[in-house]
Amino acid sequence: MPFGKWKDFNACVRDFMNEGYSEDEAKRICGKLQAELGGEKGPEFRWVEVFEKTQLKPQLKIRGIAIKAGISRNQNIWLEEELKAAASSLIGQPIYLEHVDVANAVGKVTNAWWDPERKAILYEGEIYDDEVANKIRAGLIQHVSIGADYEILEPVNGQIPRGLRFRELSLVAAPGIPETNIQVLEKLFERMGKMGEKGGKTGERVVRHARSYVKAPEDTDWSFTAEDGDELLDRGGWNLYREAHAWYDPERADVKAGYKLPHHKIVNGKFAVVWRGIAGAMAALMGARGGVDIPAADRRAVYNHLAAHYREYDREPPAYETARLEFALEELQCQVEALTHQVNELREHLKPKPKRIVVRL
49 MPFGKWKDFN ACVRDFMNEG YSEDEAKRIC GKLQAELGGE KGPEFRWVEV
99 FEKTQLKPQL KIRGIAIKAG ISRNQNIWLE EELKAAASSL IGQPIYLEHV
149 DVANAVGKVT NAWWDPERKA ILYEGEIYDD EVANKIRAGL IQHVSIGADY
199 EILEPVNGQI PRGLRFRELS LVAAPGIPET NIQVLEKLFE RMGKMGEKGG
249 KTGERVVRHA RSYVKAPEDT DWSFTAEDGD ELLDRGGWNL YREAHAWYDP
299 ERADVKAGYK LPHHKIVNGK FAVVWRGIAG AMAALMGARG GVDIPAADRR
349 AVYNHLAAHY REYDREPPAY ETARLEFALE ELQCQVEALT HQVNELREHL
399 KPKPKRIVVR L
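Start counting the sequence shown at 49; every next residue gets the next number (our numbering).
In case anyone wonders, no lab produced these hints; they're calculated from the structure. Hints are supplied without guarantee of correctness; some may be wrong.
[Stated by the list, open to error] Below, in silico cross-link-like pairs of lysine-lysine (DSSO-like), each with a Cα-Cα straight-line distance of 27 Å or less:
{"id": "1", "residue 1": "116", "residue 2": "55"}
{"id": "2", "residue 1": "308", "residue 2": "263"}
{"id": "3", "residue 1": "304", "residue 2": "318"}
{"id": "4", "residue 1": "75", "residue 2": "167"}
{"id": "5", "residue 1": "156", "residue 2": "132"}
{"id": "6", "residue 1": "399", "residue 2": "318"}
{"id": "7", "residue 1": "132", "residue 2": "304"}
{"id": "8", "residue 1": "132", "residue 2": "183"}
{"id": "9", "residue 1": "132", "residue 2": "116"}
{"id": "10", "residue 1": "55", "residue 2": "167"}
{"id": "11", "residue 1": "183", "residue 2": "263"}
{"id": "12", "residue 1": "55", "residue 2": "156"}
{"id": "13", "residue 1": "55", "residue 2": "75"}
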């Protein structure tokens, strides 16, 4: 049965899967759309309104705390280990107003990760609706709330949801957890830039992602060649090239040498983050293989950038305070092993060779 712009349910599912949603997510979205649009008069026009909201260029980029470990107002107990395991499932989910259905979606979550220091899931998102964007800018909407499925609800002086999978993020007036918030990235970047001007422009030099990306399979090989850089420039100019790195020099932003610690590239036609690139960048930041020449004031912020990528791959980043020592010891161990191998080869070479005596009769 046709609904919206699709001839049937399966066509809708295929369409959303082509946009990067999983089959389960696509079926969930299409089920809601079919219920919303299927029985209305003139559903084509209703769909155009919904479709345009999700296809327009982002009107506003936001970030903040989606949820913190602790007890919410409805007596749900959110455990650190459950939130950490579920953090990545928030990526790509829709942003609603007050948990209203998909027909009223106003944006999308573009990134989410677990922050062990705040014991919270942080998020970044895009708002496509002008009216909602203006209300956020004006401070009329200041909080968010998550919607999630769970496998088990364990009753222990409250309720402990286990086996979480996030389904949406909503803009709300009264959040279940008061610490949740919304920050406008435009203002945040401006403020960080001003702080950077006073202290060496740190905010300008450390890359902060302004666009979405996919996560390459963990076993993807890593290299960043001149050709890889050229492909980024061809697709998105210096803005996309900057997004592929963790640090850059604003005064040399028009030359490749002004960029350090690459860990993104084009993989199978898509802008992707690559695990082995992340690990290599972290090692270089901590001094391995000669290290990387960036200002000391920027190192912690660059570490935070790379640590967030670690968590996207469910990896625990090395502790900042001890990481340099850990990488130095690891590199020293490699050098010792290489020297041991050379010594063994030298000993083999210096062994007395058996002499051959020829006796002629």
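Checked hints:
Between the alpha carbons of residue 116 and residue 55 the distance comes to roughly 42 Å, so the proposed pair goes past 27 Å and is violated. Distance restraint check for residue 308 and residue 263: the Cα-Cα separation of roughly 20 Å lies within the 27 Å cut-off, and the hinted pair is therefore satisfied. Of the pairs offered as hints, the one joining residue 304 and residue 318 holds, with about 21 Å between alpha carbons and a cut-off of 27 Å not exceeded. The straight-line distance between the Cα atoms of residue 75 and residue 167 is roughly 32 Å, outside the 27 Å bound, and the hint therefore fails.
Of the supplied pair hints, the one linking residue 156 and residue 132 holds, its CA atoms being roughly 20 Å apart against a limit of 27 Å. With a C-alpha separation of about 57 Å, the suggested pair residue 399 and residue 318 falls outside the 27 Å cut-off, and the hint is violated. For the hint pairing residue 132 with residue 304, the CA-to-CA distance comes to about 36 Å; that exceeds 27 Å, so the pair is violated. Using a Cα cut-off of 27 Å, the hinted pair residue 132 and residue 183 is violated, with the two alpha carbons roughly 31 Å apart.
A distance of roughly 10 Å separates the Cα atoms of residue 132 and residue 116; the hinted pair therefore holds under the 27 Å criterion. Between residue 55 and residue 167 the CA atoms are separated by roughly 46 Å; this puts the pair beyond 27 Å, and the hint is violated. Between residue 183 and residue 263 the CA atoms are separated by roughly 32 Å; this puts the pair beyond 27 Å, and the hint is violated. Under the criterion of a C-alpha separation no larger than 27 Å, the hint pairing residue 55 with residue 156 is consistent with the structure, at around 25 Å.
With a CA separation close to 15 Å, the supplied pair residue 55 and residue 75 stays within the 27 Å bound.
In this structure, the earlier hints numbered 1, 4, 6, 7, 8, 10, 11 are contradicted, and the remaining ones agree with it.
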